[in-house]
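Chains as they are written, first to last, in this note's numbering: chain A, 1 to 318; chain B, 1 to 183.
One or more of the hints may lead you astray.
[Said to hold, decoys possible] Sample of chain A residues lacking proximity to chain B, with all beta carbon distances greater than 10 Å (derived):
| no. | residue |
| --- | --- |
| 1 | Arg105 |
| 2 | Thr141 |
| 3 | Ala243 |
[As the list claims (entries may be wrong)] Restricting the straight-line Cα-Cα distance to at most 20 Å, the calculated cross-link-like pairs of lysine to aspartate or glutamate (DMTMM-like) are:
| no. | chain 1 | residue 1 | chain 2 | residue 2 |
| --- | --- | --- | --- | --- |
| 4 | A | Lys300 | B | Asp59 |
| 5 | A | Lys300 | B | Glu127 |
| 6 | A | Lys260 | A | Glu60 |
| 7 | A | Lys173 | B | Asp59 |
| 8 | A | Lys193 | B | Glu127 |
| 9 | B | Lys6 | B | Asp59 |
Note that these hints are calculated values from the structure, not bench results.
Where a beta carbon is used, it is the ideal one built from N, C-alpha and C, also for glycine.
Letter by letter, the chains look like this.
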Amino acid sequence: MEQAELGLAHVGLSEADIRRLRAMLMMALADGTLRARWTLTDAQHAHVVILGVEALDRRESFAADGRIVVVLVGAADRVPPGTRTLTWPIRAETLLALLKETEGRTLSRSSVDHTRPLIQLAELLRPAPRETDSAQAWRVTGLARAPIYVAPHRRQFFCSESLRSVHRFDARKDIELTPLAPAELSSVSDSPKPLVMLQWSVGLLTGAYGLLPWLDASATLRLQRFPEFQVLHHEPVHRRLAAAFSRPVDGVDAAIELTKLDRRSVCSFLNGADLCGYLRTSAPGDGAASAPARTVSGSKRSLVQLLRRALGIEALHG
Amino acid sequence: MAEEHKIIFTGSVGAGKTTAIAAVAGKNMVRTEAVNTDTRVAKATTTVGFDYGEIGLPDGSVLRLYGTPGQRRFAFLWRILARGALGLVVLVDNSRPDPLGDLAMYLENFADLVKTGAVVVGVGRTETHPEPSLDAYYRFLESRQLMLPVFAVDVREQEHVLMMLDVLLNMLELAGDEEAHHG
Chain A
1 MEQAELGLAH VGLSEADIRR LRAMLMMALA DGTLRARWTL TDAQHAHVVI LGVEALDRRE
61 SFAADGRIVV VLVGAADRVP PGTRTLTWPI RAETLLALLK ETEGRTLSRS SVDHTRPLIQ
121 LAELLRPAPR ETDSAQAWRV TGLARAPIYV APHRRQFFCS ESLRSVHRFD ARKDIELTPL
181 APAELSSVSD SPKPLVMLQW SVGLLTGAYG LLPWLDASAT LRLQRFPEFQ VLHHEPVHRR
241 LAAAFSRPVD GVDAAIELTK LDRRSVCSFL NGADLCGYLR TSAPGDGAAS APARTVSGSK
301 RSLVQLLRRA LGIEALHG
Chain B
1 MAEEHKIIFT GSVGAGKTTA IAAVAGKNMV RTEAVNTDTR VAKATTTVGF DYGEIGLPDG
61 SVLRLYGTPG QRRFAFLWRI LARGALGLVV LVDNSRPDPL GDLAMYLENF ADLVKTGAVV
121 VGVGRTETHP EPSLDAYYRF LESRQLMLPV FAVDVREQEH VLMMLDVLLN MLELAGDEEA
181 HHG
């Protein structure tokens with residue numbers, strides 16, 4: 001079973017404290033008692049955030065999404081009453097306790113009550129075999145402000161608003177799937193949109209929980225076609241991942257190593273690509289499909305970064 | 001002389017190579033257009049030498065975006081331009097009689113560059129000419145054991161051109177060092 005991935009972020013820490021945090025995280029992971037795979041990530045995607053005292057005024061904004069937020073304080077620092085603190089310097093045992101507490105809160109909540117509907121939605125959005133001729137349609141509520149009507153057999157969905165609200169969906173919230181009779185679908189007045197847009201967006205959302213259950217993280221993975229970036233909401237990391245998977249990659253870990261991106265980004269991309277029918281997988285160890293690990297020299301990366309900056313591509317957002 | 005990094009834009013007459021380069025190089029572009037005498041192409045001027053746009057890099061080197069002349073009689077120039085190039089953008093005009101045949105011709109003429117994998121295909125005029133579909137392009141490439149990115153693009157949109165170049169640079173970087181092809 002895919003190990004859940006949780007994120008730890010730091011904001012406003014000194015370079016020395018960041019180095020120490022990384023070292024302490026390594027030690028906490030080496031302890032072997034954590035259930036999730038922990039990675040350093042940005043605050044927006046994190047489940048726990050460690051703030052420097054300088055960033056104290058941002059505490060409320062991070063805590064608003066239900067994250068655990070702690071402030072790293074030295075003996076001379078003063079913080080408002082009720083502020084959760086972590087004593088400087090960060091120690092492995094206190095960090096380990098913090099991560100375990102976060103796991104206790106997050107994993108039980110997401111795996112039982114909240115993950116399942118999103119995965120169910122992903123399952124019904126999977127590309128159907130051509131011989132399947134089910135006319136079953138669905139109403140999805142909770143994913144966007146307005147209900148979304150999904151007609152997989154017509155390769156369409158209907159929604160009165162932009163998919164931007166879907167991309168802002170908090171994966172911890174509930175959604176509801178209701179089967180619809182074909183006649184009910186005909187009464188929907190919204191304009192149809194290509195199903196691939198919803199498949200891609202839902203796939204990206206499910207990356208918060210790792211790979212979709214039917215994907216094998218150790219399989220050889222490659223794209224059979226590129227996502228249609230002109231019509232699909234995307235970010236520069238998705239272009240990078242598409243380029244990486246244009247050739248076979250032996251598993252998620254190899255992709256992380258090759259692209260230097262985090263696990264969540266890789267899983268989100270693969271989930272989106274799978275739901276859209278763009279992904280081709282083969283069993284681990286299949287000699288015909290696997291490829292030698294690719295290595296990229298620092299000089300090549302530097303040249304490409306230089307070119308990207310010169311073209312102004314770094315500033316692009318999908 | 002400053003070190004040069006080259007990216008080549010190729011494709012049929014009227015596919016938008018000059019427009020695509022201008023979209024990213026802006027004023028730093030040299031054009032060699034002349035009155036078009038090919039009556040089969042509804043275009044007042046066409047590129048007779050090659051176009052290039054130049055972008056200076058912080059380390060003193062330059063990135064040159066070369067647009068090849070589209071007409072087949074200039075194929076000797078294509079091979080000269082391709083030497084030492086980092087990557088290739090193939091622009092296909094879907095309104096032409098045989099867009100897949102056009103693509104095949106360019107892939108064959110730039111075979112050495114295609115082997116490196118740093119190639120992107122942009123298909124224009126798909127809104128008015130949806131066939132062949134992008135699926136057909138992928139099937140065509142697969143029949144040649146190729147997996148290249150194919151995008152429906154409007155090269156007048158700078159964002160589309162930059163998207164293709166971003167994918168191209170990622171392809172170049174992530175192909176791995178054994179594929180390095182830079183002269």
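Hint check results:
no.	hint	result
1	Arg105	holds (37 Å)
2	Thr141	holds (33 Å)
3	Ala243	violated (3 Å)
4	A:Lys300 with B:Asp59	holds (14 Å)
5	A:Lys300 with B:Glu127	violated (37 Å)
6	A:Lys260 with A:Glu60	violated (31 Å)
7	A:Lys173 with B:Asp59	violated (49 Å)
8	A:Lys193 with B:Glu127	holds (16 Å)
9	B:Lys6 with B:Asp59	holds (16 Å)
Consistency note: the structure conflicts with the earlier hints numbered 3, 5, 6 and 7.
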